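Visitor: For reference, the chains in residue letters:
2 protein chains.
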Amino acid sequence: MADRTSGHLASVLRVSALHHLGVAVASIAASRAVYEQVLGLVCVGEEEVADQKVRVAMFQPPAMPAACRIELLEPLADDSPIARHLQRRGPGQHHVAFAVDDLAADLQRLARHGVRLIDEKPRRGAHGMLIAFVHPASAGGVLLELCEPQRP
Amino acid sequence: MADRTSGHLASVLRVSALHHLGVAVASIAASRAVYEQVLGLVCVGEEEVADQKVRVAMFQPPAMPAACRIELLEPLADDSPIARHLQRRGPGQHHVAFAVDDLAADLQRLARHGVRLIDEKPRRGAHGMLIAFVHPASAGGVLLELCEPQRP
Numbered sequence: 001m002a003d004r005t006s007g008h009l010a011s012v013l014r015v016s017a018l019h020h021l022g023v024a025v026a027s028i029a030a031s032r033a034v035y036e037q038v039l040g041l042v043c044v045g046e047e048e049v050a051d052q053k054v055r056v057a058m059f060q061p062p063a064m065p066a067a068c069r070i071e072l073l074e075p076l077a078d079d080s081p082i083a084r085h086l087q088r089r090g091p092g093q094h095h096v097a098f099a100v101d102d103l104a105a106d107l108q109r110l111a112r113h114g115v116r117l118i119d120e121k122p123r124r125g126a127h128g129m130l131i132a133f134v135h136p137a138s139a140g141g142v143l144l145e146l147c148e149p150q151r152p
Numbered sequence: 001m002a003d004r005t006s007g008h009l010a011s012v013l014r015v016s017a018l019h020h021l022g023v024a025v026a027s028i029a030a031s032r033a034v035y036e037q038v039l040g041l042v043c044v045g046e047e048e049v050a051d052q053k054v055r056v057a058m059f060q061p062p063a064m065p066a067a068c069r070i071e072l073l074e075p076l077a078d079d080s081p082i083a084r085h086l087q088r089r090g091p092g093q094h095h096v097a098f099a100v101d102d103l104a105a106d107l108q109r110l111a112r113h114g115v116r117l118i119d120e121k122p123r124r125g126a127h128g129m130l131i132a133f134v135h136p137a138s139a140g141g142v143l144l145e146l147c148e149p150q151r152p
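For the record, the sequence lines run as chains A and B.
Using the working numbering, the first residue of the first sequence is number 1, and each one after it goes up by one.
Using the working numbering, the first residue of the second sequence is number 1, and each one after it goes up by one.
It is worth saying that the hints were derived from the structure and are not from the lab.
Owing to the predicted nature of the structure, the values given are computational and were not obtained by experimental measurement.
Relax, there's no trap hidden among the hints.
Calculated Cβ distances over 10 Å to all of chain B for the following chain A residues: (1) 47; (2) 48; (3) 76; (4) 80; (5) 87; (6) 102; (7) 108; (8) 118; (9) 119; (10) 122; (11) 128; (12) 129; (13) 133; (14) 149.
Derived list of chain A stretches under chain B, where covered just means 3 residues or more per stretch with a C-beta under 8 Å from a C-beta of chain B: (15) 17-23; (16) 88-100.
Beta-carbon label-pair distances, calculated as ranges: (17) 108/B with 108/A: 51 to 59 Å; (18) 120/B with 102/A: 45 to 53 Å; (19) 29/A with 16/B: 25 to 33 Å.
Glycine included, each C-beta is placed from N, C-alpha and C at the ideal position.
Assemble the whole structure, with the sequences as input and the hints as a guide.
Guide: And the structure:
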């Protein structure tokens with residue numbers, strides 16, 4: 001598709017930046033101290049996503065609204081995807097989310113290029129974003145999220 | 001140490017931003033296509049770190065030098081920490097690295113606060129950075145790296 005020095009010129013997508021990093025935890029309350037009290041991040045949003053049976057809390061360095069965030073994910077039920085992740089792999093990194101401008105169009109482009117998608121259409125995630133997941137089999141073992149943040 | 005709304009005011013550290021995300025892969029050559037040709041990132045550095053027996057390659061959105069990077073880590077020997085990670089957990093996310101201004105002082109502060117460190121003193125990592133790892137037991141299951149980038 002493209003040579004190594006100009007990979008982005010002919011790439012399928014052009015993601016803008018890493019938006020957040022999802023971390024599975026048994027309890028946000030018990031896990032937030034390392035981010036807030038040790039690293040000095042601040043919580044920039046906390047909510048429940050009923051669809052995924054999770055509670056999420058986003059952390060970011062203070063006064064850096066464009067910086068990549070840490071998203072803690074706590075399961076609200078035993079059949080939450082995060083509960084299954086905790087059972088299989090324990091607490092730790094869950095997914096990596098890149099921001100895109102037009103998620104619906106990007107998913108169509110990915111599908112046309114044979115990328116295996118978990119979500120073929122955008123769905124509503126936390127923080128008012130549209131989100132979709134790419135299967136780790138198409139992303140070198142990484143559970144990849146694409147997210148379209150709300151316009152300010 | 002601090003209440004939930006002002007955690008950073010009294011925090012142990014004040015990390016500046018997520019610097020990169022380490023991803024363990026069996027082969028950088030076989031894994032880079034998803035980052036370059038699918039996501040449209042560009043490679044901003046590739047080198048061997050003999051100390052860790054790894055080859056690393058950094059990827060970033062084009063023209064965003066401050067954006068959080070993806071670091072692919074390929075083992076160069078069977079006793080590399082990355083080879084052991086691949087054997088235990090398969091390819092995927094390995095560590096999360098925050099940038100700090102004074103790593104040596106920060107490690108002393110962490111140790112005084114009872115944070116379990118893998119590296120008690122800074123060591124030389126890739127890309128000319130000083131680095132040190134915090135044990136996942138002190139970071140909610142996440143292998144945390146602190147890195148002090150070179151001054152421009």
